[in-house]
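Novice: Since each chain comes alone in its own frame, lean on the hints to assemble the complex.
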Amino acid sequence: MSTEKSNPVKKVSIICSKGTIEDVYAALVMGNGAVMEGIEANLFFTFFGLEGIMKKRMDKLHTGIVGNPAMRLPGGARMPTLLGIIPGMEAMVSSMMKSQMDKLDVPPVSEFIELFVAGGGNLYACKLAADMFKVTKEDLNEHVKGIITVGEFYEHAGGEGAHIIFT
Amino acid sequence: MAQKTYAGITVDVNDEGYFTNPSQWTKEIAMEIAKEEGVVLTEKHFLVLNYLRDRFARGEALSIRGINKSGIVEVKDFYQMFPGAPLKKSTKIAGIPKPESCV
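The listed protein sequences correspond, in order, to chains C and P.
Per this note's numbering, numbering of the first sequence is gapless, rising by one per residue and ending at 167.
Per this note's numbering, numbering of the second sequence is gapless, rising by one per residue and ending at 103.
Worth flagging that the hints you see were computed from the coordinates, not collected in a lab.
Here the structure is a predicted model, which means the values were calculated and not measured.
Hints are not guaranteed to be accurate.
Label pairs and their computed distance ranges (CB to CB) [as the list claims (entries may be wrong)]: (1) P/L47 / C/G161: 31 to 41 Å; (2) C/G120 / P/N14: 25 to 35 Å; (3) C/I85 / P/E43: 53 to 63 Å; (4) C/G161 / P/G17: 20 to 30 Å.
For each residue, glycine too, the CB sits at the ideal point set by N, CA and C.
So here's chain P without its partners, still in its complex pose (with noise of 0.2 Å):
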């Protein structure tokens, strides 16, 4: 297993950089990750992540229809404030699996 160190504290992650022991991760951890993927992150950014962090803790599959279905934010908007690819690249910043999703 490899092993990252963001803010100061070393963490577990996988091959493709997702947390193995998404206990381990902080905020002050989420904004060094999002810097590498260059997002920059905003308080919405943090209702997102935790909204991603809540749904993963309670064993439930992350989907896109899920995002929209949330309340949190809107698909359009989530797509912008993780560009590229949203589902992958946010849930990489709130230091939980890769979804396994295809939808």
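Chain C extracted, bound-state conformation (with noise of 0.2 Å):
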């Protein structure tokens, strides 16, 4: 039997923690991707991460458009950083990648946490970025079942075929 089907990945904790669109969904696709397989699955969010599952602005995500040398413009050409810090430009640009992943049937962040909790997810954030940035249990979305420390995170990451992945 080869090692694929014989020790194949059970469960998979994912940590966040960025708050760029593309870092939020990255985990999002990944967490609600493990459980769709039937992977359990846990999703940490920490530092700027935490924009991720803050209710008020969860669904409003920016990518970042400065000093990022694989943003193009429409066509393909590189998108020159100077042009980034034309105010509404970041906002443009972020919606335009929203309305992208929505024609790919990729869902808004809070949508897509329902479908990823709906499917057995779990859902947590990290107590020291939490204790930094001032956010409180009543800031973050619903499904979000504790803010917690390190230590507790790894408690949960345990198990056999269990992977921690850091984005």
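Specialist: Right, dumping it as structure tokens:
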């Protein structure tokens, strides 16, 4: 039997530490993809990643357009960094990204979280980051199970075939 | 191409057991595949299976979000009805190819 078959991934604990559209979605796609495959999944949001589970901010995420050499203009030319400082440019690029994702049936963050939780996924916020940014349970999406320490995160992350992914 | 026999009918499937010709599917066949997958089909399961087949026939991509918006079943129930890997399991029982969506 191949090692892929005999040692399948049974659980993933994914840490999201950044708050851009692409960072939060990467964590959500990986997490939701896991529960869809019958793999247990935990999502742990820390530092700027907390934006992804804050009620008032989760559906208004932006993508960084300054200092992002992979950012392209429609047509494929590189976007000059200086263009990124034009007021409204970041909002425009961000809304274009969201509309592209919507076409691919990628839901807004709050809806994505609903789907993930309906599939049995767990959401946690990092205590240190929450304390640092003065974020309380009331600021967070209702599905967040708790604001937990690193030690508690590792406890939740344990088990056979369990993996931790940092993004 | 592999073949399998369900309910006395021989059907074409790929290596993973997904139908390559959805028109060969019948309700009786679905019950037998479901048994293999450890699922007992109810009327509600068939509503979902028919919805999946309809969408496939119209050439629309299947996603978990689409299921949620379908009005046929809530995602939470969908996970319970096809435990483990719901979209993979349900499409297999519905006699259509495995969805290629990441969401």
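Novice: Go ahead and decide if the range 31 to 41 Å is satisfied by the Cβ distance of P/L47 to C/G161.
Specialist: Taking Cβ atoms as reference, P/L47 and C/G161 lie about 34 Å apart, which means the hint holds.
Novice: Using the beta carbons of C/G120 and P/N14, state whether their distance is inside 25 to 35 Å or not.
Specialist: Hint holds: Cβ distance 28 Å, inside 25 to 35 Å.
Novice: Looking only at beta-carbon atoms, does the pair C/I85, P/E43 fall within the given range of 53 to 63 Å?
Specialist: 59 Å, holds
Novice: The hint says 20 to 30 Å between C/G161 and P/G17; measuring C-beta to C-beta, is that right?
Specialist: 23 Å, holds
Checked against the numbered hints listed earlier, the structure breaks none of them; every hint is satisfied.
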